[in-house]
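**Q** Listed below, chain by chain, are the residues.
2 protein chains.
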Amino acid sequence: MTTAGTNDCTPGPNDALLIVDAQNDFLPGGRLAVPQGDDVVPALNRYSTAFRTRHLPIFASRDWHPANHCSFMEQGGPWPPHCVAETNGAQFASGLDLNEAVIISKATEPKSDAYSAFENTDLDQRLQQVGVKRLFIGGLATDYCVLNSVRDAIRLKYSVVLLEDAIRAVNLQPDDGAKALQEMLDLGCQPATVEAVSLNPPKPPALLTDLYQLAMLKAYHDRGMNQTAVFEFYIRNLPAQRNFLMAAGVEQVLEYLESLQFTPQERDWLKTSGGYSEDFVDSLKDFRFTGDVDAVPEGTIFFGNEPVLRITAPLPQAQLIESRIINILQMQIMAASKAARMVLTAPGKILLDFGLRRAHGAEAGLFVARASYLAGFTGTATVPAEPFYGIPVFGTMAHSYIQAHGDETAAFRDFAHSWPDNTIFLLDTYDTLQAAHTVVMLARDLKKEGISVHGIRLDSGDLAQLSKQVRSILDAGGLKETKIFASGNLDEYSLTQLIAQQAPIDGFGIGTRLAVSEDAPSLECVYKIQEYDGQPRRKRSQGKATWPGKKQVFRTFDAQGKIQEDHLAMEDESLPGEPLLKPCMRQGKRLSPPAPLEQSRTHAARQLDQLPEALRSLESAPPYPVHISQKIRDLADRLDQQPI
Amino acid sequence: MTTAGTNDCTPGPNDALLIVDAQNDFLPGGRLAVPQGDDVVPALNRYSTAFRTRHLPIFASRDWHPANHCSFMEQGGPWPPHCVAETNGAQFASGLDLNEAVIISKATEPKSDAYSAFENTDLDQRLQQVGVKRLFIGGLATDYCVLNSVRDAIRLKYSVVLLEDAIRAVNLQPDDGAKALQEMLDLGCQPATVEAVSLNPPKPPALLTDLYQLAMLKAYHDRGMNQTAVFEFYIRNLPAQRNFLMAAGVEQVLEYLESLQFTPQERDWLKTSGGYSEDFVDSLKDFRFTGDVDAVPEGTIFFGNEPVLRITAPLPQAQLIESRIINILQMQIMAASKAARMVLTAPGKILLDFGLRRAHGAEAGLFVARASYLAGFTGTATVPAEPFYGIPVFGTMAHSYIQAHGDETAAFRDFAHSWPDNTIFLLDTYDTLQAAHTVVMLARDLKKEGISVHGIRLDSGDLAQLSKQVRSILDAGGLKETKIFASGNLDEYSLTQLIAQQAPIDGFGIGTRLAVSEDAPSLECVYKIQEYDGQPRRKRSQGKATWPGKKQVFRTFDAQGKIQEDHLAMEDESLPGEPLLKPCMRQGKRLSPPAPLEQSRTHAARQLDQLPEALRSLESAPPYPVHISQKIRDLADRLDQQPI
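Which chain is which? The protein sequence lines are V and U, in order. Just so you know, the numbering used here puts 133 at position 144 of the first sequence, and the rest follows in order with no gaps. Just so you know, the numbering used here puts 227 at position 238 of the second sequence, and the rest follows in order with no gaps.
In case anyone wonders, no lab produced these hints; they're calculated from the structure. Any given hint might turn out to be false.
Note that the list lumps identical chains together, so a pair holds whenever it fits in one copy or between two copies.
What the hints assert, rightly or not - List time: in silico SDA-like cross-link candidates among lysine to any residue, alpha-carbon distance up to 20 angstroms:
id	residue 1	residue 2
1	100	57
2	192	250
3	192	249
4	437	80
5	100	616
6	192	245
7	472	565
8	457	531
9	260	379
10	533	93
11	274	210
12	551	109
13	122	137
14	472	444
15	192	252
16	192	182
Just chain V, same shape as in the assembly (with noise of 0.2 angstroms):
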């Protein structure tokens, strides 16, 4: 019922987001923990995409005390000594998306205490400088800080939402959270999560995983066993068609893993379910990713036997998320690669995603998107792309709209009037070139009304020759300007033949062969234990064999910059070049905010320019060097001998 409604959530003009005292002194560890405080740190990041990608003000306050501060105990205050100005405890938490932001300190005075993130400082006035009606408000804690400028907002006239997935409570006494909560709705909050605010990928259930990973699970628990573990994802061998791989998915990942839990539902499934014990059960209910994640940043360039990803937490943990990581990664590693060899055949060309039908699934749909943007795409036909990823969406009419109105010049001329920006006409519904001399005709109409034609696209036969025909009619007809587009079952190999006849083409739409990655539409991708309670582990399988320990690539370059050879060393070697593997995660939290996706499209190209010619070439080339260390078969060599 509620999407009928009309949603007053979404930010828009006048709005702004305050980040409130989102530091370190106040999460777990800290000198003045919030219970679960760091659970406010991904749902504030999701807050903060939502305002960043529409440009809209973000402000963080934060304590910023003098170290004689009069809050503090030793100074007759309520408090221990906490967020003094440039300490560690002081800074904001390490994951947290400040992007952009504007920081207002506040109780920067010996005097002088400041709840509210208006006392004392011109955050009001800056507020009104960019003309802000309504703050969207979450941070730390509910019941101190949180509260306190929120009834000041209420009082400086800002409408407010209050955003209650992204706030935690002190709570001295166990309901002061609650009564701040309630406090704020009847001074007129206006109650909000992230779904209301923002559009968000679909999430699937904390159960998506293959049956044995709970049956271990649950024998762990029977046992006890929850020492660390080490896992490493990696893939065995590449793909015959693949000379390179490009990592993808690891923000999915860390996504996933930040917010993985067992939903009630979930829970009360596995009771009934047959087998599980109440006590099992009811041990998920505290479930939680702690872990440490490393990983390659995505857009990176890797080999068979090289770790794209390592988790390093307790081992009922790290079993469980095996079959969601496996799944995220590999899709996405896929597309990238795919998507990679495009943007090496097809330099300076527009390439867009068109795979979201073909693809496999919903999901598949998106990963795509983002995979191949990442990869150097220029954007993709799938819209929600662009509110969930930032990705720029494209897209004109199919050969149904054309059909509809079966008079082909009409259905152009209609479209140009609901898009005189955005006029691309596709021309092959009945004849191409006929189609052709139909726009430089409808031009000239179009243009006393200031409207110009854009482009046109083609979507069947011979695309070389067409594109050229079709390039000589709109030139004749004064449409130099007006560029091509092709789609129909391309993919590199096509791309590489187009572009080799010279057909003159400024962009592409690349389907269903990118989107299922048609010539490798899988992977040997695995997750497998390498370590487990500091011990090194091997499987000896036939034909799968690991390589035991917990492991780091050592990359070297050549004299120009490109990459020579890796080597597959034990963490703590010490090899020359540079190590791949860069720390995500430690404790279930992120060491930096998330990656923005622009960021790791420019590590990709980067990427791609260091790719020796060789690799870069359609055909296989000799496989790239990646070197395993002696340290690693001697390791190998050792466990082999050990008794099972």
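Got chain V sorted already, so can you dock chain U onto it with the hints?
**A** For chain U alone, kept in the frame of chain V given last:
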């Protein structure tokens, strides 16, 4: 935060579902229509599924009046005549799933009326007989029969969960529904929606489509092009590796269509994303699918050019849904068709879907589980397939489980203690044959504890040879009942080989090659306009021309009951044979309840039985004859003569 609490809305022992008066006369078009009353039908069906799959009782009340009932105006009552016993108006909504429900008729006597399902009925007695203490109540109408049933239920000391998304109000006064809702909450009802009551597949947004659909929608809106269009989904040509295809995913298309709405957030996004006028976006507020659907039943065998699903709807509706319909159907058809080949290859074997991790994203994993089960698989490892679709799930242990233990024997023993009824041991972590001997030794100890070894699994090496050797070891060790399972890059080709080699394998776990349909990871599936505003349409694009008009497929059988030939004809032609497309939805409403998956699975098995020998082969067979009727050919010729 809701996920941290306990959920008390999951149906369990002592719970029952009560569906109030979901009858035709209370639906739009009925004698006493409740506005949007038909919206409760899909919602109630989801609750029905949750209760039925848990074997919990379902009750459905109905007004069942004599023709001279006192509530009718002509008898001095307040209402027009409605729900007269045995008339169509008194029937339950056509799409309502009432399988196994107990029907409670009320107000069956001329002189007495009854709003409450308890009034002068034996409902209370029947609930007590089966020990019900809590009622989940939804239906029509909020402000009359639902309200009065709830009042009585509370009075009779039942706990009540009020199904907020499955009730609608008459609202003679505009706030009648709101008042009734408030009264029920004040009485102590717990409000709930389907998300709190059952596990449901994640639902992609309405915006999950190609941008050109939205661009065309605006152009249609600007021109008022809203006449009826006919689109057909079909596959141009079968892949070389497929002699037939199996229909699957129709149910997901129907669910998509019946729940298709733009949320306020989506409309807000459109407003800010450029080019979409305010009045166009506002028009999307009431966007619903109100068209007709005809489709072949899931599990039906079909061939190239044959429509699997036909949409007849106002042009903008029929247009918008193109991308998602193809996205749903291609994946499930691909997976069902691939799985069917394995089912044909390995009769009598246990076949399990292990494909989640290598499927292309979350939804692909779920679709593969569903489609392979439809085609005859025994079950899946993908956990949510059970709560979402009622599919049996299977799973035991991974190599990492053995490796974490270090000691293989200890690993097996621990697992047997945790899962005494699910003892399937994975043998190939280190040395398969040695592990088989370990199992034999361990089985003696386990036997003393009353635990028998159900099976072992092989995941690498020469499966034919290893399975024979392991079978010998197990048999010699007295474990003749212990089953052998195998997995590892299997498909219909390797199954054929293993069976030809008489490998003593009882069951197979099939992963990657099923999940991505490795040898045919996409289909030439399209969704094409065939008629607009009563006029047939034909696309003439080179190599992509369509057969015009609204069509039907007629299938004939030979004397042995095998399928013989199909005729693609105009819908109004009358040809011998069985018409394959059946009516599913009219004016956006289902004509019958969702087909249970088991029923579709039975249909699929019968379809496979009807395949001629040649088509059952893994080798490429001569194409099955699909004839195009002369009437279609004449129409195509006529359309090709028309000016464009």
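**Q** Please go over all the hints and tell whether each is borne out by the structure.
**A** Results for each hint:
1. For a Cα distance limit of 20 angstroms, the shortest separation of residue 100 from residue 57 inside one copy, 9 angstroms, qualifies, whereas the shortest one across copies, 85 angstroms, does not.
2. Proximity of residue 192 and residue 250 under a CA criterion of 20 angstroms is satisfied in both settings, with 11 angstroms inside one chain copy and 19 angstroms between copies.
3. In the homo-oligomer, the alpha carbons of residue 192 and residue 249 lie at most 20 angstroms apart both inside one protomer (10 angstroms) and across protomers (18 angstroms), since each shortest distance falls under that limit.
4. For a Cα distance limit of 20 angstroms, the shortest separation of residue 437 from residue 80 qualifies neither inside one copy, at 60 angstroms, nor across copies, at 61 angstroms.
5. Within a single copy, residue 100 and residue 616 get their C-alpha atoms no closer than 62 angstroms, and across copies no closer than 91 angstroms, so neither meets the 20 angstroms cut-off.
6. Taking the closest pair of Cα atoms, residue 192 and residue 245 come within 20 angstroms of each other both inside a single copy (9 angstroms) and across two copies (17 angstroms).
7. In the homo-oligomer, the alpha carbons of residue 472 and residue 565 never lie at most 20 angstroms apart, since the shortest distance is 49 angstroms inside one protomer and 52 angstroms across protomers.
8. Proximity of residue 457 and residue 531 under a CA criterion of 20 angstroms is satisfied inter-copy only: 17 angstroms between copies versus 55 angstroms inside one chain copy.
9. Within a single copy, residue 260 and residue 379 get their C-alpha atoms only as close as 40 angstroms, which misses the 20 angstroms cut-off; across copies the closest is 16 angstroms, which meets it.
10. With identical chains, the CA atoms of residue 533 and residue 93 are never at most 20 angstroms apart, being 56 angstroms at best within one copy and 61 angstroms at best between copies.
11. In this homomeric assembly, residue 274 and residue 210 come within 20 angstroms of each other (Cα to Cα) only inside a single copy, at 14 angstroms, whereas the closest approach across copies is 50 angstroms.
12. With identical chains, the CA atoms of residue 551 and residue 109 are never at most 20 angstroms apart, being 55 angstroms at best within one copy and 86 angstroms at best between copies.
13. Only within a single protomer do residue 122 and residue 137 lie at most 20 angstroms apart by alpha-carbon distance; the minimum there is 18 angstroms, versus 45 angstroms between protomers.
14. When the C-alpha separation of residue 472 and residue 444 is checked against a cutoff of 20 angstroms, the pair qualifies only within one copy, where the shortest distance is 4 angstroms, while the shortest distance between copies is 64 angstroms.
15. Taking CA atoms no more than 20 angstroms apart as the test, residue 192 paired with residue 252 passes in both settings, with 12 angstroms inside one copy and 17 angstroms between copies.
16. With identical chains, the CA atoms of residue 192 and residue 182 are at most 20 angstroms apart both within one copy (15 angstroms) and between copies (18 angstroms).
Checked against the numbered hints listed earlier, the structure breaks hints 4, 5, 7, 10, 12; every other hint is satisfied.
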